[in-house]
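There are 2 protein chains.
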Amino acid sequence: MDISKFKDLDLSSRILLGPGPSMVPPRVLNALSTPPVGHLDPEFLGVLAEVKELLRFTFQTKNEVTFPISGTGSAGMEAALCNFIEPGDRVLIATNGYFGERLAEIAKRYGAQVDRLEHAWGDVFLPDEIEEALQKADYKLFAIVHGETSTGALQGNVKEIAELVHAHGALLVLDTVASLGGVPVKVDEWDVDICYSGSQKCLSAPPGLAPMTVSPRAMEVLMDRKTPVANWYLDFTLLTRYWGKPHVYHHTVPVNMIFALREALRLVAEEGLEERFARHRTNSETLWQGLEDLGMPPIIPLEHRLASLTTPKLPKGIDEKSIRRRLLTDFNVEISGGFGPFAGMIWRIGLMGFSSRRENVILLLSLMKELLFS
Amino acid sequence: MDISKFKDLDLSSRILLGPGPSMVPPRVLNALSTPPVGHLDPEFLGVLAEVKELLRFTFQTKNEVTFPISGTGSAGMEAALCNFIEPGDRVLIATNGYFGERLAEIAKRYGAQVDRLEHAWGDVFLPDEIEEALQKADYKLFAIVHGETSTGALQGNVKEIAELVHAHGALLVLDTVASLGGVPVKVDEWDVDICYSGSQKCLSAPPGLAPMTVSPRAMEVLMDRKTPVANWYLDFTLLTRYWGKPHVYHHTVPVNMIFALREALRLVAEEGLEERFARHRTNSETLWQGLEDLGMPPIIPLEHRLASLTTPKLPKGIDEKSIRRRLLTDFNVEISGGFGPFAGMIWRIGLMGFSSRRENVILLLSLMKELLFS
Numbered sequence: 001m002d003i004s005k006f007k008d009l010d011l012s013s014r015i016l017l018g019p020g021p022s023m024v025p026p027r028v029l030n031a032l033s034t035p036p037v038g039h040l041d042p043e044f045l046g047v048l049a050e051v052k053e054l055l056r057f058t059f060q061t062k063n064e065v066t067f068p069i070s071g072t073g074s075a076g077m078e079a080a081l082c083n084f085i086e087p088g089d090r091v092l093i094a095t096n097g098y099f100g101e102r103l104a105e106i107a108k109r110y111g112a113q114v115d116r117l118e119h120a121w122g123d124v125f126l127p128d129e130i131e132e133a134l135q136k137a138d139y140k141l142f143a144i145v146h147g148e149t150s151t152g153a154l155q156g157n158v159k160e161i162a163e164l165v166h167a168h169g170a171l172l173v174l175d176t177v178a179s180l181g182g183v184p185v186k187v188d189e190w191d192v193d194i195c196y197s198g199s200q201k202c203l204s205a206p207p208g209l210a211p212m213t214v215s216p217r218a219m220e221v222l223m224d225r226k227t228p229v230a231n232w233y234l235d236f237t238l239l240t241r242y243w244g245k246p247h248v249y250h251h252t253v254p255v256n257m258i259f260a261l262r263e264a265l266r267l268v269a270e271e272g273l274e275e276r277f278a279r280h281r282t283n284s285e286t287l288w289q290g291l292e293d294l295g296m297p298p299i300i301p302l303e304h305r306l307a308s309l310t311t312p313k314l315p316k317g318i319d320e321k322s323i324r325r326r327l328l329t330d331f332n333v334e335i336s337g338g339f340g341p342f343a344g345m346i347w348r349i350g351l352m353g354f355s356s357r358r359e360n361v362i363l364l365l366s367l368m369k370e371l372l373f374s
Numbered sequence: 001m002d003i004s005k006f007k008d009l010d011l012s013s014r015i016l017l018g019p020g021p022s023m024v025p026p027r028v029l030n031a032l033s034t035p036p037v038g039h040l041d042p043e044f045l046g047v048l049a050e051v052k053e054l055l056r057f058t059f060q061t062k063n064e065v066t067f068p069i070s071g072t073g074s075a076g077m078e079a080a081l082c083n084f085i086e087p088g089d090r091v092l093i094a095t096n097g098y099f100g101e102r103l104a105e106i107a108k109r110y111g112a113q114v115d116r117l118e119h120a121w122g123d124v125f126l127p128d129e130i131e132e133a134l135q136k137a138d139y140k141l142f143a144i145v146h147g148e149t150s151t152g153a154l155q156g157n158v159k160e161i162a163e164l165v166h167a168h169g170a171l172l173v174l175d176t177v178a179s180l181g182g183v184p185v186k187v188d189e190w191d192v193d194i195c196y197s198g199s200q201k202c203l204s205a206p207p208g209l210a211p212m213t214v215s216p217r218a219m220e221v222l223m224d225r226k227t228p229v230a231n232w233y234l235d236f237t238l239l240t241r242y243w244g245k246p247h248v249y250h251h252t253v254p255v256n257m258i259f260a261l262r263e264a265l266r267l268v269a270e271e272g273l274e275e276r277f278a279r280h281r282t283n284s285e286t287l288w289q290g291l292e293d294l295g296m297p298p299i300i301p302l303e304h305r306l307a308s309l310t311t312p313k314l315p316k317g318i319d320e321k322s323i324r325r326r327l328l329t330d331f332n333v334e335i336s337g338g339f340g341p342f343a344g345m346i347w348r349i350g351l352m353g354f355s356s357r358r359e360n361v362i363l364l365l366s367l368m369k370e371l372l373f374s
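Order-wise, the sequence lines are chains A and B.
With this note's numbering applied, the first sequence covers 1 to 374.
With this note's numbering applied, the second sequence covers 1 to 374.
No lab work stands behind these hints: they were computed from the structure.
Any given hint could turn out to be false.
Repeated chains share a single entry, so a pair holds when one copy, or any two copies, can fit it.
Here are the computed lysine to aspartate or glutamate pairs in the EDC-like style, where the Cα-Cα straight-line distance is at most 16 Å [as the list claims (entries may be wrong)]:
#	residue 1	residue 2
1	K5	E50
2	K321	E163
3	K52	E64
4	K226	D89
5	K7	E43
6	K245	E64
7	K369	D2
8	K108	D89
9	K245	E101
Bound-form chain A, shown alone (with noise of 0.2 Å):
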């Protein structure tokens, strides 16, 4: 093989206003790359210990156990769903989007008998249609999606829901990937049992661990269990044991990208999070003006608006795809289509973590001004 071709590595400076990741900031990059010690070095399980009292703050949550799984965003929504099925047990999927769609989808290779409470994508529910479908059969768990990364459509009400869950005996999952870290996500004052989310968006570390939390109650389901868990990597009953005392060896976790996690949620507890949603939300407001005033406003309802992803619906006859890819190449930022029933129709713009500043949204609506009407 000719070595010399594989250059040192050498990117563009991408201005991150897609779906995530998200922009990085120096000091998470400066704890990424600091050099590793070992999984089960004392000092490392002090690391372990912050992470998690981090990640208790930025979930609200006295939870024990509330750790990240050892994989993306994804592996997070199957340790959600993986850990608490057995194979033949019905659960219930709220799908309004694609995240909706996926969930219901692991469930299924778990063996659970699934059923969905439907609706459009970028619709959300009210909980009297998900009470009324919980009244239909003897659920163990009904999950749903918190803000819908495929929609930009934020779920209300999840205090009320969860009450509706725990009165037909079952478990909540909520699916924070895009929203914890930028909007409200209150896991105990809500009483959400199982919530997972992603490092790569309103947090800012890089992709590639999935936070998570899991209630008590939660927690007996997963000991009550007759089957062991079906997937080895992302059981909890042996994950609890290794970030827990006494601290057995399950796999090697991911350290650098721990330390980044640790640096990303101690900078979400310096800004202070109701500060830091208020950013999230203000930055977004003056982007929502500014798409409505360039005549592509944002294709969810107001009340329903997620702050950390904005979807503007598209002007007729313009070649959005090529938009984008100038947008890429001549100015290096980064914003995402939509797909499955809005691809062409919507564009799907992030101001997560990080990249949520207000220098990113003037730029980005003066470089749009320039490129859809010049």
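Starting from the known structure of chain A, arrange chain B on it as the hints suggest.
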């Protein structure tokens, strides 16, 4: 929460001579901290193509399906089994240490009927006994560990074993977590079907990725499945469509970890495979001689000894835990103890990748002499 207690990350500079993670070269740490780009960015798709080519070089294969899994080596092990096992399939697993046991455990969770070919920890397998075992049933796959991290034994005769396995119509799964990049692994010449490793041992990238390669023969078995792969995150029918054309989104891969792996593999190619194997061998031979001089020779006979991981038999009457603790806290040197049947009986000393340097061997032998005999 009192945020002031979370200080800047300030860890001791460890010399990592355990069974992994190994030390990470500065060039790899620099690549790791490159600001990320999007996982579908055309420039990043170029990086993916380079990583695939560099991995093919390292695995010594032409297999099209060659890429890292977005999890640690344990996820690689799970991917090597779950993609090829359907419920009820019979599989044969060789167990002579912890990781063979884990292969059997994971195969069982995917519904396989698992037969074990068992040996005591530290032993290796002869082709004859494998052939005899293969005759007992119609096995879909046979899995064996190349370098056993729990014992320091290297399984030889892989080419001969592959011939036997194929003569019986089965696939060969080979675990090279502790061997790839440190001792010869010749996927095509040996005709291995499914081979996986970890980023954090002889490749000296941080933990978090599991390089894998799959033969066309195994891909046919995958494509002929009657049931979907039970594990969504590790499903090769989906992963191959992201890593190859049409580059369809499956999950957001760990972009920065892939930067690091690329650089680590570039270092492998720059050094040259034969030169790299010779370095691992030479440094370990120095260690072996030194350990014999100290009266604690490796427990594995020379002809089955893994050049990346050495397991000396401990002298009677020493407090091995206290010596390891002093090595770590007083001198920043990490080595590991034995576990399972080898608990308290051996140490596990890794000279893997960037950790395999003469100065590390000399330091360790010098410290051992001091701590054991003074």
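Structure-based check of all given hints:
In this homomeric assembly, K5 and E50 come within 16 Å of each other (Cα to Cα) only across copies, at 9 Å, whereas the closest approach inside a single copy is 42 Å. Taking the shortest Cα distances, K321 and E163 never come within 16 Å of each other, neither inside one copy (44 Å) nor across copies (51 Å). In this homomeric assembly, K52 and E64 come within 16 Å of each other (Cα to Cα) only inside a single copy, at 8 Å, whereas the closest approach across copies is 40 Å. In this assembly of identical chains, K226 and D89 lie within 16 Å of each other by CA distance solely inside one copy; the values are 12 Å within and 22 Å between copies.
In this assembly of identical chains, the alpha carbons of K7 and E43 lie at most 16 Å apart only when taken from different copies (13 Å versus 36 Å within one copy). Taking the closest pair of Cα atoms, K245 and E64 come within 16 Å of each other only inside a single copy of the chain (11 Å); across copies the shortest separation is 43 Å, beyond that limit. In this assembly of identical chains, K369 and D2 lie within 16 Å of each other by CA distance neither inside one copy nor across copies; the values are 46 Å within and 45 Å between. Proximity of K108 to D89 under the C-alpha cut-off of 16 Å is restricted to the intra-copy arrangement: shortest distance 10 Å within a copy versus 20 Å between copies.
For the identical chains of this complex, K245 and E101 are neighbours neither inside a copy (36 Å) nor across copies (23 Å), given an alpha-carbon limit of 16 Å.
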